[in-house]
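Peer 1: Listed below are the residues making up each chain.
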Amino acid sequence: MPCPAPTPDQAPILPFRLEALTPLNHEVLRLELSQVAGSPLTYREGQFVTVRLPDGTTRSYSPADACRGDRRLELHIRTLPGGRFSTWLRSAADCSGAILEIGGPYGECVWAPPATDGAPLLLLATGTGIAPIRAMLARHLPHADLHPVHLYWGGLDQPDLYLRDEFAALALRHGHFRFIPVLAAPAGPWAGRRGYVQAAAADDLPSLEGARVIACGSPAMVEAARTLLVAACGLAPDAFHADAFVAQAASPAPSGDASLCLEVARPQAPARRLAAPPGSTVLNTLTTAGLLQGVCGGQAACGTCRIGIDPGWRAALPPAGRKEARLLAALESGPDQRLACQICLEAPLDGLRIELP
Amino acid sequence: MTTQAISSPDQARLEGVGTAFDPERLLHVRSLTRQAIERIAAAIQPGMFEEDAVEMARDLLAEAGMLRGWHDVYVRFGSNTTKTFGAPSDPGVVLGQDDLFFIDIGPVWQDWEGDGGDSFVTGSDPDKARCAADARAIFHEVRRKWLAEGATGRALYDYAVSCAAARGWVLNMDLSGHRIADFPHAAIHEGPLAEADFSPSRLLWVLEIHIRHPSAAYGAFFEDLLLEDDHF
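Top line first, the protein sequences correspond to chains W and R. Counting along the first sequence from 1, when you hit position 135 you're at 134 in numbering that gives the first Met the number 0, and nothing is skipped either side. Counting along the second sequence from 1, when you hit position 158 you're at 157 in numbering that gives the first Met the number 0, and nothing is skipped either side.
Looking at chain W on its own, in the form it has when it is part of the complex:
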């Protein structure tokens, strides 16, 4: 049982000191951290960790460099105006030298070359979804010359592709590696590809039989890529790899994801209105706000995240799956009670009203 679990409730927590904070563009910061105690954190490139600030705010990010077991960690963090994490990070005078708690690693979206020599490996990223891709390439690219490796990195405009020169240089050094930057809305001159990464890749690689795809970035891109590449390019469905968490940490897709709103009523406390990225669960949103902590890691096993749903919203929710329904029944729940860990916030649930126990 416990220790490394795929969600951030049960893994060992290790203290790291924030050593340096460097802007990479107008909204992305590079965090350089050093571990100050405990066995050196090890991870497989592509996995993610949780970062807990001194005020309890927790977020998930993928290390942006190969794991060297040297107690150092590099994270790329996209800041959001007014966000708690972002506000804390931007106040560099206060946070430099601060101790952050790092949990993990979690996730299974790691380097997965095709089974057949010569078949391509396609890497897709938007925004800071490039961080785990960068870590994978640092570890594996020099030894992966049995497969052509194609990286498509997308953003709205040129500043979003803050490591463009680094990947262009990497392509010059490794003949089996191609880097294709893609912009959805360049404001100035742009001679490169336009549109979305999945469309550009599908145009360039019309047959993906035998290929593997790793996608990191906005949930909109990940789902669009999965659908398009399987339907149009013959990609085997199980050859598409993505980590669901990335939805929380990555940049918004060029398709224009917006934050969703969650209205939270609380007994004997003021109501709260929370912002949530599409694709996050109600539990993640409540945990981030410090309002509710699950125990079982979002597995619909413990029931500690049972919440009330405003009756007017009941019909908007997808019905409970078998596992959730069985636990709700065992807990003798009413018709308006659900498990927060099982409700994924998407656009139709914008404004969802819930009540905490």
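None of these hints come from the bench; they were simulated from the model. It is possible that some hints are incorrect.
Unchecked claim - Simulated restraints, written as ranges between beta carbons of each label pair: (1) R:Pro87 to W:Val35: 29 to 35 Å; (2) W:Ser258 to R:Asp21: 43 to 49 Å; (3) W:Ala184 to R:Arg38: 48 to 54 Å; (4) R:Asp21 to W:Ala324: 29 to 35 Å; (5) W:Pro158 to R:Ser161: 54 to 60 Å; (6) R:Pro213 to W:Ala235: 39 to 45 Å; (7) W:Leu79 to R:Ala165: 51 to 57 Å.
As the list claims (entries may be wrong) - Distance condition first, Cα-Cα at most 20 Å in a straight line; then the derived SDA-like pairs of lysine to any residue: (8) R:Lys82 to W:Val109; (9) W:Lys322 to R:Ser88; (10) W:Lys322 to R:Thr121.
What the hints assert, rightly or not - Some chain W residues close to chain R (C-beta under 7 Å, calculated; not the full set): (11) Leu23; (12) Thr41; (13) Ala231; (14) Cys232; (15) Pro236; (16) Cys301; (17) Gly302.
Even glycine gets a Cβ: it sits at the ideal position worked out from N, Cα and C.
Based on the hints, put chain R in the right spot on chain W.
Peer 2: Using the frame of chain W, we list chain R on its own:
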């Protein structure tokens, strides 16, 4: 490699319990947990899909009033027995005629947490039978060291590594013991027993032994509370 020490002055804090703590109730939920594991194992047959076995396990736990768990229900078949806690199983694994499987459950009964695991074999493959038996045997070797010497958590797992190696297995140190108490589990210390530099108290810690074959794709798991001989 240096590792973080949990020193003895921290013991009282790390062994804290909640308001519902009750040794007798904990022993009772332990008994229910062991019974549930045996019932689940008895219902598993070669030819079953692992996913169906997990659903069946949940049904049996629901019947026993223990559907709620502080962690998920794990039944692992065949090559999935090498996967560590929380890692998703490869889908569609069918239990073979000469195969190995394990069960890991953490049921909550009323206000108390149980936690237990055990491994079982089908058929007569001697290596797999030995693997399952060794997970249990290593558990007791380590437990007896705790009883005899009052060894620290760190020393117990150093010893577990050597016990596993002596029998030809590799020990998974990601599963290296943890606290147990009254529900909810989140209220208690979540660090591993293997990093405790004090001798753990009875009834408050579980000892986990997850071994795997050094090269073949199978392993075995055993888990129970640290208790005296007369509880086994």
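Peer 1: So, for every hint listed, does it hold in this structure?
Peer 2: Hint by hint, here is what the structure shows:
1. R:Pro87 to W:Val35: 29 to 35 Å: holds (32 Å)
2. W:Ser258 to R:Asp21: 43 to 49 Å: holds (45 Å)
3. W:Ala184 to R:Arg38: 48 to 54 Å: violated (60 Å)
4. R:Asp21 to W:Ala324: 29 to 35 Å: holds (31 Å)
5. W:Pro158 to R:Ser161: 54 to 60 Å: holds (56 Å)
6. R:Pro213 to W:Ala235: 39 to 45 Å: Between Pro213 of chain R and Ala235 of chain W, where Cβ atoms are some 32 Å apart, the hint is violated.
7. W:Leu79 to R:Ala165: 51 to 57 Å: holds (54 Å)
8. R:Lys82 to W:Val109: Distance ~16 Å between Lys82 of chain R and Val109 of chain W Cα, so the pair holds.
9. W:Lys322 to R:Ser88: Given that 20 Å is the threshold and the Cα spacing comes to 17 Å, the pair holds.
10. W:Lys322 to R:Thr121: violated (28 Å)
11. Leu23: violated (32 Å)
12. Thr41: At about 11 Å, which exceeds the 7 Å cut-off, the nearest Cβ of chain R leaves the hint on Thr41 of chain W violated.
13. Ala231: violated (25 Å)
14. Cys232: This interface hint is violated because 24 Å lies over the 7 Å limit.
15. Pro236: violated (12 Å)
16. Cys301: Holds, about 5 Å.
17. Gly302: Interface hint status for Gly302 of chain W: holds (5 Å vs cutoff 7 Å).
Against the hints set out earlier in the document, violations occur for numbers 3, 6, 10, 11, 12, 13, 14, 15.
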